[in-house]
Amino acid sequence: MQLTKNTSLWKKYVINDVIVISIAILLAGGFFYGWQGMHSYFNGSSLPNLSVDYRQLPYYTLRTTMRLCIGLIYSMLFTLVFGVLAARFAAMRRVILPFVNFMESVPLVGFLTFTTAFFLGLYPHSVMGLEGLAIFAVFTGQAWNMMLTLYQTLRVVPHELTDVTVAFRCNPWQRFWRLGFLYSFPGLLWNTMVSQSAAWFALIASEMLTVGNHSINLPGIGSWIGSAIDSGNVHAVLWGLLALVINIVLFDQLLFRPLVRYASRFKYEDTCASEKPGSWFYSCLVNSATGHILGKLCASFAYFWLFTLPKVWYRLKLDRLFKALSVLNWLWSGLWYLSVVVSCLYFGYRLWYYLPLQYLPQLPAWMGLTAARVIAAMLLSIVIFTPLGVWIGLRPGLVRFFQPIIQIMAAIPSNVFYPVIAVILLTWHQDLNAWTIPMIMLGTQWYVLFNVIAGASVIPAQMTDVSRIFRVGGIMWWTKYILPAIFPYLVTGIISAAGGAWNAAIAAEVLNWGSTTLKTEGLGAFISTTTDAGLNPEAALGCLAMCFMVALCIIFIWQPLYRYAETRFRFD
Amino acid sequence: MMKTSRSVLEIKNVARSFRRERQTLQVLENINLNVHENEIVALLGKSGSGKSTLLRIIAGLEAPTSGSVVCNDLPVTGPCPDVSMVFQSFALFPWLTVAGNIAFGLQALGLPVDEVKRRTVDMIDLIGLSGYADAWPKELSGGMRQRTGFARALAVEPELLLLDEPFSALDIYTGHKLRQEFISLWEQRRIKTKAMVLVTHNVEEAVMLCDRVLLLTGAPGTITDAFGIDIPARERNAENIKPFVDVITETLNLKIAAALA
Numbered sequence: 001m002q003l004t005k006n007t008s009l010w011k012k013y014v015i016n017d018v019i020v021i022s023i024a025i026l027l028a029g030g031f032f033y034g035w036q037g038m039h040s041y042f043n044g045s046s047l048p049n050l051s052v053d054y055r056q057l058p059y060y061t062l063r064t065t066m067r068l069c070i071g072l073i074y075s076m077l078f079t080l081v082f083g084v085l086a087a088r089f090a091a092m093r094r095v096i097l098p099f100v101n102f103m104e105s106v107p108l109v110g111f112l113t114f115t116t117a118f119f120l121g122l123y124p125h126s127v128m129g130l131e132g133l134a135i136f137a138v139f140t141g142q143a144w145n146m147m148l149t150l151y152q153t154l155r156v157v158p159h160e161l162t163d164v165t166v167a168f169r170c171n172p173w174q175r176f177w178r179l180g181f182l183y184s185f186p187g188l189l190w191n192t193m194v195s196q197s198a199a200w201f202a203l204i205a206s207e208m209l210t211v212g213n214h215s216i217n218l219p220g221i222g223s224w225i226g227s228a229i230d231s232g233n234v235h236a237v238l239w240g241l242l243a244l245v246i247n248i249v250l251f252d253q254l255l256f257r258p259l260v261r262y263a264s265r266f267k268y269e270d271t272c273a274s275e276k277p278g279s280w281f282y283s284c285l286v287n288s289a290t291g292h293i294l295g296k297l298c299a300s301f302a303y304f305w306l307f308t309l310p311k312v313w314y315r316l317k318l319d320r321l322f323k324a325l326s327v328l329n330w331l332w333s334g335l336w337y338l339s340v341v342v343s344c345l346y347f348g349y350r351l352w353y354y355l356p357l358q359y360l361p362q363l364p365a366w367m368g369l370t371a372a373r374v375i376a377a378m379l380l381s382i383v384i385f386t387p388l389g390v391w392i393g394l395r396p397g398l399v400r401f402f403q404p405i406i407q408i409m410a411a412i413p414s415n416v417f418y419p420v421i422a423v424i425l426l427t428w429h430q431d432l433n434a435w436t437i438p439m440i441m442l443g444t445q446w447y448v449l450f451n452v453i454a455g456a457s458v459i460p461a462q463m464t465d466v467s468r469i470f471r472v473g474g475i476m477w478w479t480k481y482i483l484p485a486i487f488p489y490l491v492t493g494i495i496s497a498a499g500g501a502w503n504a505a506i507a508a509e510v511l512n513w514g515s516t517t518l519k520t521e522g523l524g525a526f527i528s529t530t531t532d533a534g535l536n537p538e539a540a541l542g543c544l545a546m547c548f549m550v551a552l553c554i555i556f557i558w559q560p561l562y563r564y565a566e567t568r569f570r571f572d
Numbered sequence: 573m574m575k576t577s578r579s580v581l582e583i584k585n586v587a588r589s590f591r592r593e594r595q596t597l598q599v600l601e602n603i604n605l606n607v608h609e610n611e612i613v614a615l616l617g618k619s620g621s622g623k624s625t626l627l628r629i630i631a632g633l634e635a636p637t638s639g640s641v642v643c644n645d646l647p648v649t650g651p652c653p654d655v656s657m658v659f660q661s662f663a664l665f666p667w668l669t670v671a672g673n674i675a676f677g678l679q680a681l682g683l684p685v686d687e688v689k690r691r692t693v694d695m696i697d698l699i700g701l702s703g704y705a706d707a708w709p710k711e712l713s714g715g716m717r718q719r720t721g722f723a724r725a726l727a728v729e730p731e732l733l734l735l736d737e738p739f740s741a742l743d744i745y746t747g748h749k750l751r752q753e754f755i756s757l758w759e760q761r762r763i764k765t766k767a768m769v770l771v772t773h774n775v776e777e778a779v780m781l782c783d784r785v786l787l788l789t790g791a792p793g794t795i796t797d798a799f800g801i802d803i804p805a806r807e808r809n810a811e812n813i814k815p816f817v818d819v820i821t822e823t824l825n826l827k828i829a830a831a832l833a
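The listed protein sequences correspond, in order, to chains B and F.
Residue numbering for the first sequence is 1 to 572, as defined by this note's numbering.
Residue numbering for the second sequence is 573 to 833, as defined by this note's numbering.
Bound conformation, chain B alone (with noise of 0.2 Å):
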């Protein structure tokens, strides 16, 4: 009995090797093979031309996948970096906040025209320059969400858990990768999968670059898909549409689905959860003499990574160097805050006299146009998918069937959608004018929904007894109840939403397909055209316009309201 039982388990073990090792000798052939792409050669001006052919795709969905793996691990450099700059030293959060919370909503894809040469200088004569620019282009999707998330869970670190670290005399080093680290990342890990919708908008819009006169396609489903849309191709973008799913699909399934398991036992709560989230993939590595292995050596580098790189620093006496740098704290912080004065004068100077002043007088009216569609966009999502967020989150079964659905639905970035519409509004001969709202709407609506979900299903169970017990109903349910209770997330949804909105509007008042264009007045229109002609100064004046709105817009409305949420809506 006990022999057969240890022979069946004997052979899952066997399958499940053969299952992880062929997926890692995959994924090792897909990477170099990937990897040798990138490095090919590039003459400064043009790259061959996009096979229509189905069979290239597979590579080309591979060459996408590598862009979004290096944009990943270099937000993930960022958000460490510059996370636990901002938790830990005033003089530098003070800039960083501000400075990331801009970022995070500024229409970064008109700004990456500016990057180009920066890039193609870097890696002369290599694609690697243009792969540079797509992964800054991810990188801008999703690392200031990311480093917020660490700052935020950072800050509210529980008191006991960091004063039994202290007790136990833990160094700095160790006590952020083992409680800091390890306490924000079932967070960090949910908001880098949030994130990654923005990433994908931007890769897709950055793989059609223009440089100069010419406009480069590089090898990946962003210049297929966009290539079909410019000839006209419906099969062409079906077939990238397709590609782009099972993309999404492989990297949940490969990657975050098995780290949201794994970091299931990080979570700080009280009550264990009925339910720990599955993954086959997980499971399977789990139980597998490779995964075996490669626990073994995950422990060791935790080692060495945790004690022996201390030592390493106490040995060279670099904290008692950083302890008497630190003595002239106010000298640092002054120099800091002196040389960001400086380069903020500099930088306005120079930008003055870049900027073709003649549009100034149009400019205010384009930007209210443009601001009009965001804000109506906004609203619409907010009364459309409240109610539908509340109804799927208020039950935890709905919640567990539409979830994967909505986070795949999420991370198609709503531009591939826009052709569809310039097919439809070419057909009925519909105005551009007001179909902007619902093309901004695609991309907005998922943080709101995503974001209404969550604050739903966290609902403290006493609070949903109370108002069960006196037996509310109607207006007053909404009003008084659920409303109220889901706010701080409908902001955050909001606030994240807002983002993506501007940068939908840059894309969504100038439409393609084929060799018609649809266009309407507004300064997305505006920036996109110039970037599309090579107007660097004219998309310039373009985007700080946007900027500048966007200012406003946190200063004036979401930072009041998300401090509002948070000291009266807040269960604690």
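Hints are computed from structural coordinates only; laboratory data are not their basis.
The reader is advised that the hints may include incorrect statements.
[Stated by the list, open to error] Which chain B residues face chain F? A few, computed with CB under 8 Å, are given here: (1) Phe-266; (2) Lys-267; (3) Gln-462; (4) Ile-469; (5) Arg-563; (6) Glu-566; (7) Arg-570.
Glycine is no exception: its CB is placed at the ideal position from the N, C-alpha and C atoms.
Please arrange chain F on chain B, whose structure you already have, making use of the hints.
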């Protein structure tokens, strides 16, 4: 204590089980209980004994797997207007002021605005919250928050009041003071509630407050012992309740030890 024959609450053969991962977990079994008018009944047991589940079944928040619950001659199928509840962790809405929280139940009844306002103000005075009407729950101490919890539950004038460990989140002194004030309101008939069920794991609290103390022990949980406290409530003190406390504590310890063996 004078007891009339009328029952406010009748529980017959109630059982409750949960299904979790393909196995059934029996929590409550064969529960029979009558609560009469002018009576306070305590349900005593260790954590996990199912006493809170029983309270939730009485409140209509959960349905029993089998058996029946009748409150005021009406079968309980969902939360009913004659029952109200005080929670261990207060469960106040952070977005409503003290007055707003107290008015919550009254507004849900659909009463006119003036009536809601009048009864809220009355309740604030009665429960000792004067001056705090416009305070937010966050600004209050634990004792004040639980006063608000009591005021909210009592404002709707329930026939049956359910108390889910209402004093255990407070420190001993605050809890003691609130308990005494509350019991004197009850003794002087200044609240319209006809009967109460208290869930607790504090034996002394149960004996001080209640006319009957029931032990809920075993797995699945059932009512194994009942003790009548025949000292008039206002004459109870630490001295004369000690025999009751000792007997109940000993029985409880024996039952828990037997369950572990």
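Status of each hint after checking the structure:
| no. | hint | in the structure |
| --- | --- | --- |
| 1 | Phe-266 | 23 Å, violated |
| 2 | Lys-267 | 20 Å, violated |
| 3 | Gln-462 | 4 Å, holds |
| 4 | Ile-469 | 5 Å, holds |
| 5 | Arg-563 | 14 Å, violated |
| 6 | Glu-566 | 11 Å, violated |
| 7 | Arg-570 | 6 Å, holds |
Going through the hint list in order, the structure does not satisfy hints 1, 2, 5, 6.
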